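Throughout, my numbering is defined as the position within the sequence shown, counted from one, plus 106.
Simulated from the structure, these hints should not be mistaken for laboratory data.
There's no promise every hint is true.
[To be verified] Listed next, the in silico DSSO-like pairs over lysine-lysine satisfying Cα-Cα at most 27 Å (straight line):
| no. | residue 1 | residue 2 |
| --- | --- | --- |
| 1 | Lys153 | Lys132 |
| 2 | Lys239 | Lys137 |
| 3 | Lys188 | Lys134 |
| 4 | Lys153 | Lys137 |
| 5 | Lys245 | Lys218 |
| 6 | Lys239 | Lys156 |
| 7 | Lys134 | Lys209 |
| 8 | Lys245 | Lys145 |
| 9 | Lys137 | Lys225 |
| 10 | Lys132 | Lys218 |
| 11 | Lys132 | Lys239 |
| 12 | Lys145 | Lys188 |
| 13 | Lys209 | Lys153 |
| 14 | Lys137 | Lys218 |
| 15 | Lys239 | Lys225 |
| 16 | Lys153 | Lys218 |
| 17 | Lys245 | Lys132 |
| 18 | Lys218 | Lys188 |
| 19 | Lys193 | Lys153 |
| 20 | Lys209 | Lys188 |
| 21 | Lys193 | Lys137 |
| 22 | Lys225 | Lys209 |
| 23 | Lys193 | Lys132 |
| 24 | Lys225 | Lys145 |
| 25 | Lys188 | Lys153 |
| 26 | Lys188 | Lys158 |
| 27 | Lys134 | Lys239 |
| 28 | Lys129 | Lys156 |
Please read these numbers as outputs of a predicted model, since none were measured by experiment.
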Amino acid sequence: MAKQGEEMDSGLPVDPVVETVFKDVKLKRTKRLMVLVIKDDQITIEKIAKRKTNIEEAYGYFPETECRYIIWDVEDNSVNSKRPVSKLYFFTWCPQLANTRLKTLYSSQRRKRIGDVIKGAIDVHATTMNEVKEAIGEKVEPDSDEDENEDWLDD
Numbered sequence: 107m108a109k110q111g112e113e114m115d116s117g118l119p120v121d122p123v124v125e126t127v128f129k130d131v132k133l134k135r136t137k138r139l140m141v142l143v144i145k146d147d148q149i150t151i152e153k154i155a156k157r158k159t160n161i162e163e164a165y166g167y168f169p170e171t172e173c174r175y176i177i178w179d180v181e182d183n184s185v186n187s188k189r190p191v192s193k194l195y196f197f198t199w200c201p202q203l204a205n206t207r208l209k210t211l212y213s214s215q216r217r218k219r220i221g222d223v224i225k226g227a228i229d230v231h232a233t234t235m236n237e238v239k240e241a242i243g244e245k246v247e248p249d250s251d252e253d254e255n256e257d258w259l260d261d
């Protein structure tokens, strides 16, 4: 049995189903994205999106005030008009309005455990939707996220 300090160093366990569904996203290409959440002291799947989910629908999987891990297979038609190019992204989503303790937890667990399961994806840490859009090569509206989240600042 691991000592308490060793347990904390190794991180939270990852639900074995995560690796199976990750293969559905990455290799079988039967799913568009999956959302992972830290719940009941483990990293588990919260939502799975069907392959036909478009970019605008996928943005809805990024909660405004809660942290998540999001694995997203994005198809880019701009490189080759005959056949879309698929890029796999692993977002550590920690929005500005999320609880600071949870931001720290998600950031630390990303490096410790979930990264061992999710391999071959472009790693992105994002705090705003503009950062998500920039990462996948979408056009970004200037200052749109800053205006939305200005209320968290004290005057």
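Practice problem: Could you tell me which of the numbered hints above are not met by this structure, giving the numbers in increasing order? | Solution: Going through the list in order, the structure violates hints 5, 7, 8, 12, 18, 20 and 25 and respects the others.
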